[in-house]
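For reference, the chains in residue letters:
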Amino acid sequence: MTRRVRRWVLAVGGAGLAALLVAACPALPPFGGATHPYGDRVVHESLARQTANTIASVNFDQRAFDTLGELGILFASVIGTVVLLRQTRDERRAAPEPAAVSLPVRRYALIVLPVALLTGLYVVAHGQLSPGGGFQGGVVAATALHLLYLGADYRALENVRPIGLYEVGDALAASGYLVTGFAGLLGGTAFLANTLLPYGTFNTLASGGTVPLLNAAIGMEVACAVVVLLARFLDQAVEIEKESGS
Amino acid sequence: MNHLLPLLVAAPLLGAALLVAGGRRLPRAVAEPVGCVVSAGTAALAIVLLLNSSPPLVEWVGGWAPKDGESVGIVLVGDGPGLGMAALASLLTLAALVYSWRYFDEPPRRHAGSFPALMLLFQTGMCGFAVAGDLFDAFVFFELMSVVAYALTGHRVEEAKAVQGALTFGVVNSLGAYAMLLGIALLYARTGELAMVKIGRGLDAHGGPDALTLAAFVLVLTGLLVKAAAVPFHFWLPDAHAVAPTPVCMLLSGVLVEMGAYGVWRVYGTVFDGPGGIPAADVERALVVLGVLTGLVGAVMCWYQRHIKRLLAYSTVAHMGLFVIGIGSLTPEADDGTALYILGHAGVKAALFACTGILLDRYGSVDEHALYGRARSLRGVAVLFVLGALGLAGLPPFGTGLGKAVTEEAVGGPLSVVFVVVSAVTAGAVLRVAAHVFLGAGPEPRDVSAYETTGIREEPETRHRLSRVPDTMTVVPALLLAGSLAVGAVPGVARLVGHAVSEAGSGGAFTSPHWTPAGVLLGLLSTVLALGLAALAVSRPEPFGEQPWTEPLRRLQSGHIGDYVAWTLAGATLLGALALPGILS
Numbered sequence: 362m363t364r365r366v367r368r369w370v371l372a373v374g375g376a377g378l379a380a381l382l383v384a385a386c387p388a389l390p391p392f393g394g395a396t397h398p399y400g401d402r403v404v405h406e407s408l409a410r411q412t413a414n415t416i417a418s419v420n421f422d423q424r425a426f427d428t429l430g431e432l433g434i435l436f437a438s439v440i441g442t443v444v445l446l447r448q449t450r451d452e453r454r455a456a457p458e459p460a461a462v463s464l465p466v467r468r469y470a471l472i473v474l475p476v477a478l479l480t481g482l483y484v485v486a487h488g489q490l491s492p493g494g495g496f497q498g499g500v501v502a503a504t505a506l507h508l509l510y511l512g513a514d515y516r517a518l519e520n521v522r523p524i525g526l527y528e529v530g531d532a533l534a535a536s537g538y539l540v541t542g543f544a545g546l547l548g549g550t551a552f553l554a555n556t557l558l559p560y561g562t563f564n565t566l567a568s569g570g571t572v573p574l575l576n577a578a579i580g581m582e583v584a585c586a587v588v589v590l591l592a593r594f595l596d597q598a599v600e601i602e603k604e605s606g607s
Numbered sequence: 000m001n002h003l004l005p006l007l008v009a010a011p012l013l014g015a016a017l018l019v020a021g022g023r024r025l026p027r028a029v030a031e032p033v034g035c036v037v038s039a040g041t042a043a044l045a046i047v048l049l050l051n052s053s054p055p056l057v058e059w060v061g062g063w064a065p066k067d068g069e070s071v072g073i074v075l076v077g078d079g080p081g082l083g084m085a086a087l088a089s090l091l092t093l094a095a096l097v098y099s100w101r102y103f104d105e106p107p108r109r110h111a112g113s114f115p116a117l118m119l120l121f122q123t124g125m126c127g128f129a130v131a132g133d134l135f136d137a138f139v140f141f142e143l144m145s146v147v148a149y150a151l152t153g154h155r156v157e158e159a160k161a162v163q164g165a166l167t168f169g170v171v172n173s174l175g176a177y178a179m180l181l182g183i184a185l186l187y188a189r190t191g192e193l194a195m196v197k198i199g200r201g202l203d204a205h206g207g208p209d210a211l212t213l214a215a216f217v218l219v220l221t222g223l224l225v226k227a228a229a230v231p232f233h234f235w236l237p238d239a240h241a242v243a244p245t246p247v248c249m250l251l252s253g254v255l256v257e258m259g260a261y262g263v264w265r266v267y268g269t270v271f272d273g274p275g276g277i278p279a280a281d282v283e284r285a286l287v288v289l290g291v292l293t294g295l296v297g298a299v300m301c302w303y304q305r306h307i308k309r310l311l312a313y314s315t316v317a318h319m320g321l322f323v324i325g326i327g328s329l330t331p332e333a334d335d336g337t338a339l340y341i342l343g344h345a346g347v348k349a350a351l352f353a354c355t356g357i358l359l360d361r362y363g364s365v366d367e368h369a370l371y372g373r374a375r376s377l378r379g380v381a382v383l384f385v386l387g388a389l390g391l392a393g394l395p396p397f398g399t400g401l402g403k404a405v406t407e408e409a410v411g412g413p414l415s416v417v418f419v420v421v422s423a424v425t426a427g428a429v430l431r432v433a434a435h436v437f438l439g440a441g442p443e444p445r446d447v448s449a450y451e452t453t454g455i456r457e458e459p460e461t462r463h464r465l466s467r468v469p470d471t472m473t474v475v476p477a478l479l480l481a482g483s484l485a486v487g488a489v490p491g492v493a494r495l496v497g498h499a500v501s502e503a504g505s506g507g508a509f510t511s512p513h514w515t516p517a518g519v520l521l522g523l524l525s526t527v528l529a530l531g532l533a534a535l536a537v538s539r540p541e542p543f544g545e546q547p548w549t550e551p552l553r554r555l556q557s558g559h560i561g562d563y564v565a566w567t568l569a570g571a572t573l574l575g576a577l578a579l580p581g582i583l584s
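Just so you know, the sequences run in chain order Z and H. To convert a position in the first sequence, counted from 1, into the numbering used here, add 361. Position 230 (the second sequence) corresponds to 229 in the numbering used here; numbering is contiguous.
The hints are simulated quantities; they were obtained by calculation from the structure and are not laboratory data. Wrong hints could be hidden among the right ones.
[Claimed, not checked] In silico DMTMM-like pairs for lysine to aspartate or glutamate, Cα to Cα no more than 25 angstroms straight-line: (1) Z/Lys603 with H/Glu458; (2) H/Lys160 with Z/Asp451; (3) Z/Lys603 with Z/Glu519; (4) H/Lys66 with Z/Glu406.
Starting from the given sequences, assemble the full structure and let the hints guide the process.
Below, the structure written as structure tokens:
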């Protein structure tokens with residue numbers, strides 16, 4: 362298609378869709394209303410199981426099966442990335458040159474690294490109590506490691522980051538989530554049923570039954586997945602080169 | 000029994016996780032059989048559940064059964080069509096895994112388990128989508144199967160076009176997924192529910208359809224129709240099929256796109272079919288118009304391809320048009336026919352791709368012209384290929400023939416002409432390829448058009464060009480064809496399918512699809528037409544070759560992602576316009 366035709370098709374399609382959405386908006390419930398039938402039910406069920414963070418209760422208890430699907434998506438993205446960004450026949454590895462890092466950057470990165478790592482772990486560990494949880498904390502912890510790349514150099518990062526282990530960790534975390542689900546089926550009532558462990562005391566680390574377990578599994582999975590994903594992209598950017606003459 | 004429903008998702012996912020965890024130590028000779036065993040186990044589970052699915056199984060995951068009619072959990076529905084699709088997806092995954100036994104040249108270093116793991120994840124996504132009774136849960140597994148499909152399509156990253164095809168696939172399908180998510184959000188805003196049945200009741204309780212209902216309908220269906228490759232959402236499909244490894248094509252064409260059609264059936268039947276949804280006449284108009292358009296465009300484009308994988312991909316587009324017509328005519332008989340047609344088509348189409356894979360790995364080409372007369376020695380493959388083509392035409396007693404006959408009878412009139420024409424033209428194109436490639440019939444085809452995708456200089460997917468075809472690569476298509484034949488020929492299969500579909504559908508009336516004299520005659524007519532078209536095309540290439548009037552249509556398949564995005568938006572608008580009268584009255 363010529364640019365002109367493409368623009369026309371896009372304009373007609375976009376205008377039609379925009380008109381549809383604009384027409385639908387006035388029919389939406391007004392913002393800030395007082396009735397939240399689903400929210401009320403969710404909070405009620407969350408409190409009944411001593412889970413202080415309702416979002417965690419939705420993610421890891423009430424709709425834990427969706428989270429299993431999301432875990433699958435992240436896991437599939439990692440394998441997909443490993444497969445697509447592999448070193449192919451016409452590529453070779455070149456050792457990256459160490460680069461000079463200015464002192465303030467180096468100091469800052471090295472000071473912030475443990476703080477960021479600890480913050481990530483804290484966010485994971487308190488997922489069932491306060492905002493955050495495995496998804497968010499996992500990303501924070503994984504990115505913390507990459508401060509080494511900014512503060513020192515690529516080889517320092519590679520030393521703390523044996524990719525193979527993280528890939529295995531990713532798979533084991535996914536298996537852990539599934540095994541908790543199976544345990545619910547075998548020992549309790551249904552797949553992913555949160556009936557095996559005591560619900561504990563409200564607003565303590567061990568409350569919520571299997572919620573902390575599933576939350577931890579997701580935290581580990583996300584942290585490992587982000588490390589592997591970033592490593593594959595960094596590999597392509599820093600190490601893998603096209604073989605000359607091919 | 001219903002407690003086992005979530006295992007359709009959990010089992011293959013666990014298999015994939017263990018393959019990745021152990022994949023660094025496992026040799027390939029262990030990883031691939033493990034993949035097959037897990038896939039086969041899941042298939043067996045799906046079949047056992049399917050045999051127990053009357054009355055339909057319902058499972059609240061995590062034991063969140065409703066209290067006072069309200070639940071915060073996720074419901075899985077194991078009825079005949081859902082478990083049937085899960086079983087079909089599982090069996091095809093198994094077939095593709097067996098077919099690709101020791102197949103790929105270069106598994107990523109120390110990741111021997113990655114390909115079987117991705118196939119198992121694909122199976123996970125499709126099974127999860129098939130049994131989802133919750134709209135958001137359906138979306139999650141819909142995304143899972145898409146993500147895996149992008150990665151599998153781009154598997155041969157050494158070739159730039161593989162990356163391009165996978166990127167197009169990813170962009171267009173992600174756009175569809177965003178539309179679907181937006182639609183789900185609108186439905187949630189209106190009803191405060193995510194379980195499909197509850198959303199439907201919520202819409203009914205609110206009163207007649209309005210602009211929000213229409214917008215949600217258009218957005219959700221856009222996502223599903225992108226997957227179902229309905230025109231004008233179809234552009235990604237030929238580009239992805241042309242570059243995807245053959246075992247992946249078997250899954251994409253055999254069951255992935257059909258999942259889109261299944262989703263349309265499921266979502267319309269549970270969410271939008273009440274008085275608060277979209278009126279039946281408008282849904283019928285929208286789906287039948289898109290279906291006819293899809294069937295005709297697919298058939299014309301199929302006829303003018305010489306890249307065999309692209310040709311088969313367009314035949315899938317054409318047949319998806321027929322399935323969308325069947326679903327869109329909203330009668331229990333047409334639903335039965337479409338279900339049978341999808342089952343029969345899956346076997347036939349996967350077998351045709353499997354045969355094409357043999358050509359690719361033996362001769363390093365999937366080009367009809369370049370392969371002219373070169374495959375004379377592959378007699379067994381030739382027989383399978385021709386049988387597949389006849390199945391595509393709907394020759395009785397193939398399952399495709401029965402499904403087509405039942406649907407034709409249900410839709411009646413001019414629409415049944417579309418069925419005959421589309422199946423005859425697509426099968427004729429495949430038979431033409433068979434005559435050129437396996438027999439060397441007619442004059443050698445000449446290259447006439449510059450604007451054409453050839454299939455020459457393709458890299459074989461096996462380590463070396465095959466000198467001898469491995470048994471697994473011929474046994475799999477033979478079994479797939481036998482399966483397709485069994486759907487139509489074994490008495491009782493059709494009755495079971497009919498019973499399962501009617502029990503799950505909103506119709507309630509039990510139907511019993513069967514062969515009728517008129518159906519057999521129409522099937523024979525399509526087959527004779529297909530044979531005639533192929534014979535004419537081979538003997539008189541001129542009037543059946545390149546036509547100037549098809550040029551604009553072919554230029555639309557430009558490979559430019561921007562074009563495809565524009566068409567996707569335009570398609571959503573078209574869908575909205577077709578369904579608009581329902582909310583105005």
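**Request:** Output the numbers, in ascending order, of every earlier hint that fails for this structure.
**Result:** Of the numbered hints given earlier, the structure breaks none, since each of them holds.
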